[in-house]
Structures are given as structure tokens and as C-alpha cells.
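These protein sequences, in sequence, are chains A and B.
Just add 409 to the spot in the first sequence (first one is 1) and you have my numbering.
Just add 409 to the spot in the second sequence (first one is 1) and you have my numbering.
Keep in mind the hints are simulated off the structure, nothing from the lab.
Computed from the model, here is a short list of chain A residues facing chain B with C-beta under 7 Å: (1) M494; (2) M523; (3) S531.
Here are the simulated distance ranges between beta carbons: (4) A:R566 with B:S426: 34 to 44 Å; (5) B:Q558 with A:T571: 27 to 37 Å; (6) A:S585 with B:K587: 48 to 58 Å; (7) A:Y594 with B:R557: 17 to 27 Å; (8) B:N457 with A:A431: 40 to 50 Å; (9) B:E455 with A:N573: 45 to 55 Å; (10) A:S468 with B:Q558: 35 to 45 Å; (11) A:A416 with B:S506: 15 to 25 Å.
Far from chain B, by Cβ distances over 10 Å, these chain A residues were calculated: (12) N448; (13) R470; (14) E511.
All C-beta atoms, glycine included, are put in the ideal place defined by N, C-alpha and C.
Number of protein chains: 2
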Amino acid sequence: MNPNRNAISIHLPEWFSDFMAAQGDTFPSQEERMRLAINLAKKNVEHNTGGPFGAVICSTRTGQLVAAGINIVITAHCSLAHAEMVALTLAQQSRNSHILSECELASSTEPCAMCLGAIPWSGVQSLLCGARGADAEAIGFDEGTKPRQWRAALERRGVQVTRNILRDEARAVLQSYKRRGGPVY
Amino acid sequence: MNPNRNAISIHLPEWFSDFMAAQGDTFPSQEERMRLAINLAKKNVEHNTGGPFGAVICSTRTGQLVAAGINIVITAHCSLAHAEMVALTLAQQSRNSHILSECELASSTEPCAMCLGAIPWSGVQSLLCGARGADAEAIGFDEGTKPRQWRAALERRGVQVTRNILRDEARAVLQSYKRRGGPVY
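Make a model of the complete structure from these sequences and hints.
Written out as C-alpha cells, the structure is:
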């Protein structure tokens, strides 16, 4: 082991900042939040920078964008760098707090087992999902072993879940990734 | 959102590099790996830099240390920075690969729901656990909603699980954290 390695550093691709700088500041509706998450997934596919997944975190009070993320597992050499994990970490670092109060997470595809486990620790109040887990599995992605009735489990922990927001658009990104022959892991 | 925020940066505390530099290079036995994970947890408590949890990754072939991690949720402002997640990320970044082949993860306490979900994505072949999830819950930590029969689920995915390695020593660190009044989240 290199004992001098005492920091984790994960960089998003260059297009990400440019793309985000061109977005508005507030996303009042569920559909607007989900459309941004889906557009991030689409851009990630077009730029060949990762899997077909995007995530967005907005304030539930003001609709203001707090952070966004994309899947950069392969480019960042990090199996944990799913879109939701990237967005949650950027949001927490931006607020200097490990608890995100008054926040909603929009995920272009239902979270995998790891991301589901991460959501209650993050403090977000609600989760919006676009494509279904089955849509990701249909193109070969593994969703992991989730608890049975994971939505009920999240809701018992105070996280409201809404599914199928713009599901067709979200699924179309998954399918375009498969057509391009993107790596599945 | 600050659109210039396009990187995640997580720093481990200063004592971590010094402590790791003083360790050996290889940890051939399960007990040696677990003792290092437990000692990391203990140091983290003594230095007030995070929760009472440590994790170690070694090569299953050579016993060589690949990476280690500690819980730095509060100090890093990152709810995802559990010991296992930190160790997995440092190991992957050190190998420049999102898949850790021929690696074993030793965790001073059984992984929470998020870390359990992360393990199959990381590529590790086996998991050693010290204290039980119930030992962490006994001092107030929430382990999350795990799949029923999570060990069987991991083993079906090719990750061998061994529990109760030095459990008493590992549990003693949890109890010392509670006695010191460390924050529980």
C-alpha cells in the first residue's frame, strides 16, 4: 500500500460543468427535475463517459438545484461512482454537511441496492424514479439484491418514493446505450 | 448550484497516513487483517475523527495490503464515507481499476445496507466481519434495511463471508465509543 494515499479524488468529465452551467437554477416540478436527470444520462452516453444514468438533487422548499451527478464508474475507476452517489456527495460537500435537509433526489433509473442503502443516510426527504429497475436489467445491468418491498422500507425511514416519472424517456436512454454497445457491468 | 463544482475530494485525517506508514506490508491471516481494521477503528475514536469503524483490503494471493479505510462521515461531510466505502475507493484508485480482483475486505463491524450493496460491485472475493450488526445497533447505530439472508445473497454473487473474527475486540471499540459519548447517526 502507498501510505501517502490519504485522499480520494474523483473528477467529473469536462462536459459536465459546461452542461450544468447552461441549466437554469430552479426546477420546480418533478418532471423538470427528472428531465434534467435524463438529459444528464443521455449526455453521458453521447460523450462515452459512463453508464446511462443521471441524478439531480433539488431543494424541496425552493426547487433550487443543489447538485447533480452521472455514472462515472469506469472513467473514475470507482465502482461506487453511480449517478446518485456522485450527486449526493457533491450536494453534501457543497453544503458542508453530511445531512441534506429539505432535498429531493431524482434518479433517471430506480437506484440499485447500494444506492438504496445510501439514501436514508443522506437525509433526502424524497426520491423520484424514471426508468424501472427492470428496464436497467433488460439491457443487462445488475440491480443487486434489494430488500423486499424497498419502497415501503424507504418510506418507513421518511423517504417518499414516486416512480415512473417520464419512464419512457428514461428507458429510451438505456436502450440507446445498449444499441451503441456501451459496457455493462 | 455551483456549476464549477465538478470534483469530489475527500481527505483522510493526518494521523491515518502516519499510522498506515508504520504498519507492515503483508497480512497473511484473517486475524491479522481484522486486527488492523479494529486498530483503525480504535485510532479513529481516539482521534475524534469519525465513527468506530475500520476496514482493510488485502490481496487474497499474497496477503499484501491494498488499502484501508475509516469512517469519516462527519469530518468529510459525506454520509457515504463509511470505512468500507473509503477502503474500496482507495483500493480501486490505487489499482486504476473499478474491479478489485483477488481481494478480501475485512470490516471491523458487519457492513450496513449501503456497504453490503457496494461489495458485489467492487469485485472483492471475500468479506471478513468482526463485530455483528447487532453490536453496532446496541450502541445506537442504524444498520439500514438489509436483504433477508444477506450472507447467502453475497455468496450467491461469489463473495464468501466469514463472521465473528475477533468479535469481542471489535465490539469493545464500539463500546468505548459509546462511553466517550461519540455522535451516533
